[in-house]
Amino acid sequence: MGEISLKLNGKLETKDVADNTLLIDFIREHVGLTGTHVGCDTSQCGACVIHLDGVSVKACTMLAKQAEGSEIVTIEGLADGDELHPMQQAFHENHGLQCGFCTPGMVMSAVEMVTKNKNISEDEIRKGLEGNICRCTGYHNIVQSVKAGAAKMGG
Amino acid sequence: MNEVTKIDGIGSSVRRTEDKKFLTGKGRYTDDINRPGQVQAYFLRSDVAHAEIKSIDTKAAQSAPGVVGVFTGSDIAADKVGGPICGWVVPCRDGSSTKEPPHPLLAQGKVRFVGDAVAVVVAETMEQAKSAAELIDVDYNELTPVVDFVKADEGAQIHEEVPNNCYFDWELGDESATNKAIESAAKVVKLSVRNNRLVPNAMEPRSALAEYDSLDESYTLHTTSQNPHLTRLVLAAFMFAIPESKLRVIAPDVGGGFGSKIYVYIEEAVCVWASKKIGRPVKWTADRTQAFLTDCHGRDHVNDVQLALDENNKIIGLRVDTVCNLGAYLSAFSVVVPTILHGTLLSGQYDIPAIYTNVKGMATNTVNVDAYRGAGRPEATYLLERTMETAAKEVGMDPAEFRRINFIPKDAFPYQTQVALQYDIGDYEPHLDKAMEMIDYSNFEKRRAEAAKRGMYRGIGMSSYIEACGLAPSAVVGALGGRVGQWESASVRVNPTGTISVFTGSHSHGQGHATTFAQIVADKLGIPMENVEVIHGDTDKTPFGMGSYGSRSLASGGSAISKAVDKIINKSKKIAAHLLEASEDDIDFKDGKFVVGGTDKEKAFGEIALAAYVPHNYPLETLEPGLEENAFYDPTNFVFPSGTHIAEVEIDPATGVVEVVDWAACDDFGNLVNPMIVEGQVHGGIAQGIGQALLEDAHYDENGQLLTASYMDYCMPRADDLPSFKVGYTNTPCTHNDLGVKGCGEAGAIASPPALINAVIDALSPLGVTDMSMPATPQKVWKAIQESQSVAAE
Amino acid sequence: MEIKDSYELPLSKERVWAALNDEQFLKRSIPWCEKLERRSETELAAEVKLKIGPMSTRFTGNITLSDIDPPNGYTITGNGKGGIAGAASGSAKVKLIEDKDTLSTTLSYEVSAQVKGKIAQLGSRLIQSTAKKLSKNFFGSFVKQLEDMDKS
Amino acid sequence: MYSTKYIKPNSTSEALEAIKSMGEGKFLAGGMTLIPTLKQRLASPDGLVDISGCDLDSISDEGDTIKIGAMTKHASVAESGLVNKAIPALAKLADGIGDRQVRNRGTLGGSVANNDPSACYPSAVLALKAIVHTNTRSIEADEFFTGMFETALEENEIIEAISFSKPSKANYVKFPNPASRYAMVGVFVAQFNDGVRVAVTGAGEGGVFRHAEMEAALSSNYNADALSSLEISSEGLISDLHASPEYRANLIKEMTKRAVV
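Protein chains in written order, with the numbering used here: chain A, 10 to 164; chain B, 607 to 1400; chain C, 1356 to 1507; chain D, 586 to 846.
FYI, nobody ran anything at the bench for these hints, they're computed from the structure. Just so it is clear, the structure is predicted and the values come from calculations on it, not from any experiment. Please note that a few of the clues may not be correct.
What the hints assert, rightly or not - With a Cα cut of at most 16 Å, we get these calculated EDC-like pairs of lysine to aspartate or glutamate:
hint: 1; chain 1: B; residue 1: 1386; chain 2: B; residue 2: 1303
hint: 2; chain 1: B; residue 1: 632; chain 2: A; residue 2: 92
hint: 3; chain 1: B; residue 1: 632; chain 2: A; residue 2: 77
hint: 4; chain 1: C; residue 1: 1406; chain 2: D; residue 2: 609
hint: 5; chain 1: A; residue 1: 136; chain 2: B; residue 2: 1326
hint: 6; chain 1: D; residue 1: 593; chain 2: D; residue 2: 640
hint: 7; chain 1: D; residue 1: 611; chain 2: A; residue 2: 28
hint: 8; chain 1: A; residue 1: 136; chain 2: D; residue 2: 680
hint: 9; chain 1: D; residue 1: 624; chain 2: B; residue 2: 789
hint: 10; chain 1: D; residue 1: 593; chain 2: A; residue 2: 12
hint: 11; chain 1: C; residue 1: 1359; chain 2: D; residue 2: 820
hint: 12; chain 1: B; residue 1: 626; chain 2: A; residue 2: 89
hint: 13; chain 1: D; residue 1: 590; chain 2: A; residue 2: 28
hint: 14; chain 1: D; residue 1: 842; chain 2: B; residue 2: 1258
hint: 15; chain 1: B; residue 1: 1179; chain 2: B; residue 2: 1139
hint: 16; chain 1: B; residue 1: 1386; chain 2: D; residue 2: 680
hint: 17; chain 1: C; residue 1: 1436; chain 2: B; residue 2: 1326
hint: 18; chain 1: A; residue 1: 125; chain 2: D; residue 2: 680
hint: 19; chain 1: B; residue 1: 757; chain 2: B; residue 2: 745
hint: 20; chain 1: A; residue 1: 20; chain 2: A; residue 2: 89
hint: 21; chain 1: B; residue 1: 627; chain 2: A; residue 2: 85
hint: 22; chain 1: C; residue 1: 1436; chain 2: B; residue 2: 1017
hint: 23; chain 1: C; residue 1: 1406; chain 2: D; residue 2: 740
hint: 24; chain 1: B; residue 1: 660; chain 2: B; residue 2: 748
hint: 25; chain 1: D; residue 1: 593; chain 2: A; residue 2: 28
hint: 26; chain 1: C; residue 1: 1404; chain 2: D; residue 2: 609
hint: 27; chain 1: C; residue 1: 1491; chain 2: C; residue 2: 1360
hint: 28; chain 1: B; residue 1: 627; chain 2: A; residue 2: 28
hint: 29; chain 1: B; residue 1: 1173; chain 2: B; residue 2: 1265
Same shape as in the complex, but just chain A (with noise of 0.2 Å):
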């Protein structure tokens, strides 16, 4: 057990973790943020996908412990308010999501690779999905919305 500190979207939590309890736990659990999901244990389909110090992690294949004194980001923090983000709008009106469980990682993944990348292809955009899975939308309508998403951001 120990103490660790971090900021989540944008608020300072200190909170008091045993050694081995993963960061996805520590936001869905510690502090009750469930926006974030689970969908495997292999890390690989994304479903946990937040930003730590601003590049997209997979909140499964992490100790809270290695956060300590970072900053996160996750799905609930990503609006400004009751405005969504360019990206959550563009998920909207391009019926970027069916189940809506994928949808909170594919989100955050879309944000930072279009953060680093504005002009974006489609190829680009497919090839930077690789680690988020999607059952419902064949991904036609999310790469897409990434598409329109990154227009949005100043693409």
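For this one, chain A is given, so just place chains B, C and D on it according to the hints.
Okay, now just chains B, C and D, sitting in the frame of chain A:
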């Protein structure tokens, strides 16, 4: 196409109202819900496929840190709790019925597949439960596992009640007429195909949270279900023998189902049972490995096909002999999927005068096999459309033309097939033509030649499928062995201010019902969509309904809503007549207003609602106050979506990699309520079909160990495996429901595998390749190329 | 899965056979063997800590000798339970063939292996390579020990 | 995950001390393999020593070599101007490991120390005549990889950096496993003044290996055609659900041809 009358009415691509919560992380899936005092359940599962349990020693686990209970099959047996049931059985050729062995909640005496639950540990935390489970000592007497279902009748008997490991041997159609047709045929095309075994893989793993309230002796179960009411029925009536009113089942946001969340699984039942035993809420959530091991799998058939043609290449008969794998236990729909939902589809879009099929359903030491997107219809379509393509090539016709001359002509509807179904309406040439146009079929050979210059093999393949969805009517379903009704319910409650609450018995787990159903209501009542809220998934709130599967929600559930709205309008007319001092017959309802015909006297819908709830000026002597109506809609027939999908592929002969370079889908779903959502359903279905055809395969080794039990080995389609899709529609509105709609959820998964495999074979046809099993993995395609080349060299 | 290999040893068949029945010899040959105790003529109890990459699991189980045909060979079968990791078993048919002219003995083996549970579910890509490697390690170090003894 | 102790020291010497204080400790680098293994309870170390605070993540140009700190993340290598200029093939390899989230966490040292038979990096280490610098010594690539998941690293020896020789030409082409996206076959080809080195990953039962025949053929003629008449043996190649040794042998040749451009 539909005429769009309102910006958010029927026929318009309204953006989904449910999106915002999912996009902001506020969706509430079962695992997101926690209850005070909650404990965690972990299931100790068999790691052998077939064994007798000699003993289970749980002593060490009982006293492990954090443990509040350890239970085995004998505890379940002591409380006389029943197991999951089979929801549909069929008669066998010998006159007997389907053999239904018991399925205990926790293994009793025997384990029958890797993953079979042997014990449950309930502890304060999941880690503690797992640690304690490691202390349980199970002594097995291993038996020879039965894995190869085609030879399952020769294997060790898995259930006492199932001789030769054969659950059923069923038949449909006229065997002698069919055999006669085959004997007299100018040509008989023969084909053996295998429909590979798949794992549904909804992204949300299954989860259950059960709570017992000792005050009123009732239970609440949150669970990942496609049909909470059926879950409640099975749990209450068949397992726990309690009144349904003592069990509330809530299926909150559910992260995809694809069939795999229809059934009542042992885990949710054990949680319910344990919650009372322990007196605390019990939660269980599967990890992905457990999902692979214990979610019902899909498909797993082999089919031997004989297609008889006359001298004009017209089909005169079809015989299909099928063996399918149903796994260790029968689950809810496992029997109906390979029989009723498969055999009745064998006529496809074709006028076939004689059809016969028989199906043997086998028990094996693998997890149960049940419905997976399409459920029986993809298997039927696959064998039929592979055979159509093969036949076209064998008789030297263009596959499109061969299909065309065998289509049921459009003036032949309603068309009675030789396999029980009567198609109400359809017109198949337009979607074939349109799909061919969408993919520029006529210039394909130019593209093939261009690819050849780059050293690539390009191929094109099609599939003209039919689907029967929205199972109905109940009387027919019952006659065919179904044990439940197949109607759907709706309750439409007009609130005093004119807003509407719609309660549906169907369930949305990605399909967008909150939007589509609201569109129907808003359109019919002429009110804004924001005023309509759709509620589903809670047995305490919604009327008893069947849930969502088999592309039934709109055709059955949407129609029920439409009927309930009609009742609202009828009653509203009576209220309006009173308020407007006119005869009810003179009241017209249009654009949200009740108007006295030929006058400017009118009442808005909101005024009627208010009058109904504040009946100061109201015909109380003839009419009850309030404005709320129920409808239970039992359709008179299935609905029959159809379409043509065409796939274009390129194959790299050096690696065997198949790239899907183009896809055209033209479907006839009748009227579309929300084209955007329909298109999303088509995309998702195609992706799953491409997954089946190129990537996915559940593989058990000869000892019954599942070797593809994670995303490391089970190949899920990812964004870069798939192309963008061209989607188009034709429309013959369904003749027997008010909305003229058919189902769209499964079409993509039904149509796409044969189209793709036909394209792969077409690409390799210059090499003499005539067959390819699914999935057409790079290795398999490469090997086929190598073998064809070595044959050519000889 | 079948794995075969053979070694030629400049020793008599009896010598090799004796070593095949000497548990101390066997213990040193079994990779990561932590414990090996003879329970009977044909049964030994074993504990092995197997490390494959980051995975590290203790298997407890037994080793049985069957089809014993002195001094021509036997079948040596290991069964191990690795707790949550699952279980593994491997069986090697060992044959000794002596060449009187060169005074050497060829030890040949044929292994079949089986894994259960998590190792099968998650590690399928490694099963064959690992079984091969472990067989090689076992027979390789068995042969090396014999050769070293012979030299010393 | 079993309970375990987590320590994050600030230097390699502290890290070594920490691990020695544990019965069975493990170094935690990016954790991309270790954490999933721990989650599955397939290992139960007493403690984890996180070496991300040990200042091991720099990239520097050392003249004939590019030296990359062990804790440098795959994404940093992929994006590094230095690497892209001197050895673009190495940047390309790093850019194709796992997915973007793996690249944002996974490290060079972690991958090389683990020596997974399907990992990409070992092929670059071997083909680029790299030197593996540890806390005690420098190990040549040819001596470093000793078998599947096995290396020359002693217990409690820590990789601090790896120096990659700058080739005159190099390329890495991978055929990913369709499910896991690990290399089913990955080939790193590097041309140096004294010859061509070809390292193959994903295919060998003993892990990454150099392919002598292809090296010889390409050393005399650096052209894909030089490989045409070669028969690639399937002996010793991995057999699994996804690829037979024969198919892997074909891919080795094909990926090598594609790498030689």
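Hints versus structure:
At roughly 13 Å between alpha-carbon atoms, residue 1386(B) and residue 1303(B) fall within 16 Å of each other, so this suggested pair holds. A C-alpha spacing of about 15 Å is found between residue 632(B) and residue 92(A), which places the hinted pair at or below 16 Å, so the restraint holds. Annotation: proposed proximity of residue 632(B) to residue 77(A) is violated, straight-line Cα distance about 26 Å (limit 16 Å). With a C-alpha separation of about 13 Å, the suggested pair residue 1406(C) and residue 609(D) falls inside the 16 Å cut-off, and the hint holds.
For the hint pairing residue 136(A) with residue 1326(B), the CA-to-CA distance comes to about 6 Å; that is within 16 Å, so the pair holds. About 12 Å separates the Cα atoms of residue 593(D) and residue 640(D), which keeps this hinted pair within 16 Å; it holds. With a C-alpha separation of about 14 Å, the suggested pairing of residue 611(D) with residue 28(A) holds against the 16 Å cut-off. Of the supplied pair hints, the one linking residue 136(A) and residue 680(D) holds, its CA atoms being roughly 11 Å apart against a limit of 16 Å.
As the CA atoms of residue 624(D) and residue 789(B) are separated by approximately 61 Å, the hinted pair breaks the 16 Å bound. This hinted pair checks out: residue 593(D) and residue 12(A) have alpha carbons roughly 14 Å apart, not beyond 16 Å. The straight-line distance between the Cα atoms of residue 1359(C) and residue 820(D) is roughly 13 Å, inside the 16 Å bound, and the hint therefore holds. A distance of roughly 13 Å separates the Cα atoms of residue 626(B) and residue 89(A); the hinted pair therefore holds under the 16 Å criterion.
The straight-line distance between the Cα atoms of residue 590(D) and residue 28(A) is roughly 6 Å, inside the 16 Å bound, and the hint therefore holds. With a CA separation close to 14 Å, the supplied pair residue 842(D) and residue 1258(B) stays within the 16 Å bound. Distance restraint check for residue 1179(B) and residue 1139(B): the Cα-Cα separation of roughly 23 Å exceeds the 16 Å cut-off, and the hinted pair is therefore not satisfied. In summary, the hint linking residue 1386(B) to residue 680(D) is not supported, as the alpha carbons are separated by about 29 Å, beyond the 16 Å threshold.
In summary, the hint linking residue 1436(C) to residue 1326(B) is not supported, as the alpha carbons are separated by about 40 Å, beyond the 16 Å threshold. Distance hint between residue 125(A) and residue 680(D) is fulfilled; the C-alpha atoms sit about 14 Å from each other, no more than 16 Å. Of the supplied pair hints, the one linking residue 757(B) and residue 745(B) is violated, its CA atoms being roughly 29 Å apart against a limit of 16 Å. Our distance criterion of 16 Å between C-alpha atoms is met by residue 20(A) and residue 89(A), whose separation comes to about 14 Å.
A C-alpha spacing of about 10 Å is found between residue 627(B) and residue 85(A), which places the hinted pair at or below 16 Å, so the restraint holds. As the CA atoms of residue 1436(C) and residue 1017(B) are separated by approximately 68 Å, the hinted pair breaks the 16 Å bound. For the hint linking residue 1406(C) to residue 740(D), the alpha-carbon distance of about 13 Å falls within 16 Å, and the restraint holds. Only pairs whose Cα atoms come within 16 Å are accepted, and residue 660(B) paired with residue 748(B) is accepted, the gap being roughly 10 Å.
Restraint check: the Cα-Cα separation between residue 593(D) and residue 28(A) comes to about 11 Å, which is no more than 16 Å; the hinted pair holds. Among the hinted pairs, residue 1404(C) with residue 609(D) is consistent with the structure: their alpha-carbon atoms are about 13 Å apart, no more than 16 Å. For a cut-off of 16 Å, the pair hint linking residue 1491(C) to residue 1360(C) stands: about 8 Å separates their Cα positions. With a CA separation close to 33 Å, the supplied pair residue 627(B) and residue 28(A) exceeds the 16 Å bound.
The straight-line distance between the Cα atoms of residue 1173(B) and residue 1265(B) is roughly 53 Å, outside the 16 Å bound, and the hint therefore fails.
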